[in-house]
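Asker: As a plain string of letters, each chain reads:
There are 2 protein chains.
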Amino acid sequence: MSNRSNNEEMVVTPWEVKGDIDYMKLIKQFGTQFITPELRKRLASYSNGEEHMFLRRGLYFSHRDLDWILDMYDKGNKFALYTGRGPSGKTHIGHLVAWHLTKFLQDIFDTELYFQITDDEKFLFKEHLGLDETIQLGYDNALDVIAIGFDPKKTYLIHDVRDIDLLYHTALRVAKKVTYSTVRAVFGFRNDSNIGQIFFPAIEAVPAFLPSLVHKRKVPVLIPSAIDQDPFWRVTRDIAHKLGFYKPAALQGMFLPGLLEGGKMSSSIEDSAIFTTDTPKAAKKKIMRAFTGGRVSVAEQRKLGGNPEICTVFQYFKYLFEPDDRKLEQIANECRSGARLCGECKLELADRVGKFLIEHQERREKAKDIIDEFSSDKIREKLRG
Amino acid sequence: MSNRSNNEEMVVTPWEVKGDIDYMKLIKQFGTQFITPELRKRLASYSNGEEHMFLRRGLYFSHRDLDWILDMYDKGNKFALYTGRGPSGKTHIGHLVAWHLTKFLQDIFDTELYFQITDDEKFLFKEHLGLDETIQLGYDNALDVIAIGFDPKKTYLIHDVRDIDLLYHTALRVAKKVTYSTVRAVFGFRNDSNIGQIFFPAIEAVPAFLPSLVHKRKVPVLIPSAIDQDPFWRVTRDIAHKLGFYKPAALQGMFLPGLLEGGKMSSSIEDSAIFTTDTPKAAKKKIMRAFTGGRVSVAEQRKLGGNPEICTVFQYFKYLFEPDDRKLEQIANECRSGARLCGECKLELADRVGKFLIEHQERREKAKDIIDEFSSDKIREKLRG
Numbered sequence: 001m002s003n004r005s006n007n008e009e010m011v012v013t014p015w016e017v018k019g020d021i022d023y024m025k026l027i028k029q030f031g032t033q034f035i036t037p038e039l040r041k042r043l044a045s046y047s048n049g050e051e052h053m054f055l056r057r058g059l060y061f062s063h064r065d066l067d068w069i070l071d072m073y074d075k076g077n078k079f080a081l082y083t084g085r086g087p088s089g090k091t092h093i094g095h096l097v098a099w100h101l102t103k104f105l106q107d108i109f110d111t112e113l114y115f116q117i118t119d120d121e122k123f124l125f126k127e128h129l130g131l132d133e134t135i136q137l138g139y140d141n142a143l144d145v146i147a148i149g150f151d152p153k154k155t156y157l158i159h160d161v162r163d164i165d166l167l168y169h170t171a172l173r174v175a176k177k178v179t180y181s182t183v184r185a186v187f188g189f190r191n192d193s194n195i196g197q198i199f200f201p202a203i204e205a206v207p208a209f210l211p212s213l214v215h216k217r218k219v220p221v222l223i224p225s226a227i228d229q230d231p232f233w234r235v236t237r238d239i240a241h242k243l244g245f246y247k248p249a250a251l252q253g254m255f256l257p258g259l260l261e262g263g264k265m266s267s268s269i270e271d272s273a274i275f276t277t278d279t280p281k282a283a284k285k286k287i288m289r290a291f292t293g294g295r296v297s298v299a300e301q302r303k304l305g306g307n308p309e310i311c312t313v314f315q316y317f318k319y320l321f322e323p324d325d326r327k328l329e330q331i332a333n334e335c336r337s338g339a340r341l342c343g344e345c346k347l348e349l350a351d352r353v354g355k356f357l358i359e360h361q362e363r364r365e366k367a368k369d370i371i372d373e374f375s376s377d378k379i380r381e382k383l384r385g
Numbered sequence: 001m002s003n004r005s006n007n008e009e010m011v012v013t014p015w016e017v018k019g020d021i022d023y024m025k026l027i028k029q030f031g032t033q034f035i036t037p038e039l040r041k042r043l044a045s046y047s048n049g050e051e052h053m054f055l056r057r058g059l060y061f062s063h064r065d066l067d068w069i070l071d072m073y074d075k076g077n078k079f080a081l082y083t084g085r086g087p088s089g090k091t092h093i094g095h096l097v098a099w100h101l102t103k104f105l106q107d108i109f110d111t112e113l114y115f116q117i118t119d120d121e122k123f124l125f126k127e128h129l130g131l132d133e134t135i136q137l138g139y140d141n142a143l144d145v146i147a148i149g150f151d152p153k154k155t156y157l158i159h160d161v162r163d164i165d166l167l168y169h170t171a172l173r174v175a176k177k178v179t180y181s182t183v184r185a186v187f188g189f190r191n192d193s194n195i196g197q198i199f200f201p202a203i204e205a206v207p208a209f210l211p212s213l214v215h216k217r218k219v220p221v222l223i224p225s226a227i228d229q230d231p232f233w234r235v236t237r238d239i240a241h242k243l244g245f246y247k248p249a250a251l252q253g254m255f256l257p258g259l260l261e262g263g264k265m266s267s268s269i270e271d272s273a274i275f276t277t278d279t280p281k282a283a284k285k286k287i288m289r290a291f292t293g294g295r296v297s298v299a300e301q302r303k304l305g306g307n308p309e310i311c312t313v314f315q316y317f318k319y320l321f322e323p324d325d326r327k328l329e330q331i332a333n334e335c336r337s338g339a340r341l342c343g344e345c346k347l348e349l350a351d352r353v354g355k356f357l358i359e360h361q362e363r364r365e366k367a368k369d370i371i372d373e374f375s376s377d378k379i380r381e382k383l384r385g
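Line by line, the protein sequences give chains A and B.
Be aware that the first sequence starts at 1, since it is given in my numbering, and climbs by one per residue.
Be aware that the second sequence starts at 1, since it is given in my numbering, and climbs by one per residue.
Because the hints were derived from the structure by calculation, they are not lab data.
Only a predicted model underlies this, so the values are computations on that prediction, with no experimental measurement involved.
Any given hint could be a false lead.
Note that identical chains are pooled: a pair holds if it fits in a single copy or bridges any two copies.
[Unchecked claim] Straight-line alpha carbon distances no greater than 25 Å define the calculated SDA-like cross-link-like pairs of lysine to any residue that follow:
#1 LYS177 - THR13
#2 LYS382 - ASP165
#3 LYS126 - SER181
#4 LYS177 - ASP192
#5 LYS177 - ASP165
#6 LYS286 - GLU309
#7 LYS126 - GLU270
#8 LYS177 - VAL161
When you get a sec, could you build the whole thing from the sequences and use the hints?
Answerer: The following block contains the structure:
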């Protein structure tokens, strides 16, 4: 279950992913659970056996207390969803992965979604970014969130700086229970970490507890996210009971690899990612330059075949652009046999990505008209009520 | 310049004051300046030579950039005042010392006052206090602040949790510039400090910069407070220029000693302090039990005299209840000569304290009607304007 070919030591924190990612090792290291076939089957039973392709393909592979979330649901204690976005740059296609799954879960279970936009975090952790810059990026990124199609009646966008009045009280309660030792061990903070970074895990914990405050009863919370966010949930889970809340559950995925060799898609490396605001032409240009599993020459590729396992183009089909498993397998087989060359394969992906971008950008434009429907004021009203 | 008789090692932080306080040593340790007779004279020149008794008596003895604040004032760049209260309990008379001086300065220089009520701090630093408790104490303490008679048109009460929307943006900018190393060295934080404590200095820094944000120009700020708060200003001053603000100046006083032997007045030790809400009778009872510089028997006191230097009752005359220097000196002389016995001296103090309490409590009741005039909404309006 590795999707990197380089041999660097694996480092996975919410702010850094590098090296050869061994996802099974990560499960052990983080202390999460593998999503068993039985659990997948149980989850699929809530959607008439229809399984989301990320689960079917093992891209979402790790969890914490997912079985418990379903037990609670069965008993009538419906969970809320919590996920988020750190606005360090434009939204890219990699970000959409967790959101797509989140929408799928919202649709099936008809749940609330608390969506946190951590403009404070990205300011504190990115040396070159100004605060008004991350705040602005947060509003820009929010359009992509809305474009996913979440239910406006049940979805709340929380921009940390703007909405700190909703977060600070609970963040203080969290912070009082978390020592420097703990965050140093969990996140690797050091003496030269800034004091905002050290406090930040308390802010990220709050949306896991907000649903309980809003509904004035203990509400289970499920957090779909890439697995690099797990350290936050570990700290949050540790103190949840002490504050009278349930531990949040988690559903955790792999990273979408970047278009370049090694590393995940990054907002800060232009060519590593396809941004949701890229023109189809710009996206095509990036795809045509992407790292693949192809051979040095056409002749060799025809003879020996390519390697879809290490190919970033194939990963895009797998993650988002080929929902049909049989067709995906066909692409892989054609590649391995040498029947499919990288150039034509890239053109096929570019075509699908281009169509997706045009549709997404239309929804993104429409999002501007309905952004108020996702306002955090709905939370304020409920908290007062 | 010591007002403790025990021989414990001196420890002075914003959260702990213990041992034999050597104020001149503290000036060296903190790196502040002694208020010279020349500087006192200059300050008095703004009030027709009338000097506040705390300065006259050396109770306010230390400063940072006070001369610069006056230079700026002379050039027409009027400063704002900033002081505050950590609501860990009821207000006691010791808290009023800095506020009295602050009001004197507001009257003379006709300045704005930003008054911060750090309900978050007291929650984070006091194990036994709940957050809603410190918030409530903050509203209660605010009545004492208003009772001092600050100009409602120019005074803003900032309750940290309620008003976090005014503070968080700037606190993040501060926090990004302050490392764990720095706060560990300055405040003595340790591995078992909670992550809220570590972040808190960023929150305490903000009111030093708010006046500049409100007026959209660099505004000098003067902070009158007891000297134990100096570590906050050291950190705040260190990063002020980096964020485009002036370094805040400070005017720093001694602690009002408690009624018991050793230690300062403490909200959490009932008998160590006279609370502003005590009845004159309750206050008298505490004063009659106070630690004095008297002898073991009347006969011995008549013969050898008492020691006003170590007497808590005398400190009360000196700090607040005998503004006339000659009369204060007379009390000291009568004590030293044996002419004044502790019992009668205590009764005299109790009488004055009782009268003060009745008047203060009347103003405190009236404060409830005008509390809205001190609202932080005035800051919000200015920031928007």
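Asker: At 25 Å max between alpha carbons, let me know whether LYS177 reaches THR13 within a copy, between copies, both or neither.
Answerer: For LYS177 and THR13, both the intra-copy (22 Å) and inter-copy (22 Å) Cα distances are at most 25 Å.
Asker: Go through the copies and call it for LYS177 and VAL161: within, between, both or neither, with a Cα cutoff of 25 Å.
Answerer: For LYS177 and VAL161, both the intra-copy (23 Å) and inter-copy (18 Å) Cα distances are at most 25 Å.
Asker: Indicate which option fits the pair LYS177, ASP165 if close means a Cα-Cα distance not exceeding 25 Å: within, between, both or neither.
Answerer: both (20 Å within a copy, 23 Å between copies)
Asker: If the cutoff is 25 Å on CA atoms, where do LYS126 and SER181 land: within, between, both or neither? Let me know, please.
Answerer: Both, since 23 Å and 19 Å are each at most 25 Å.
Asker: Can you give me the call for LYS286 and GLU309, within, between, both or neither, at a CA distance of at most 25 Å?
Answerer: Within one copy, since 20 Å is at most 25 Å while 80 Å is not.
Asker: Should LYS382 paired with ASP165 be assigned to within, between, both, or neither, using CA atoms and 25 Å as the limit?
Answerer: both (14 Å within a copy, 19 Å between copies)
Asker: When no copy is named, should LYS177 and ASP192 be tagged within, between, both, or neither for a Cα gap of at most 25 Å?
Answerer: both (22 Å within a copy, 10 Å between copies)
Asker: 25 Å Cα cut-off: does LYS126 pair with GLU270 within a copy, between copies, both or neither?
Answerer: within (16 Å within a copy, 48 Å between copies)
In the structure shown, no violation is registered for any of the earlier numbered hints.
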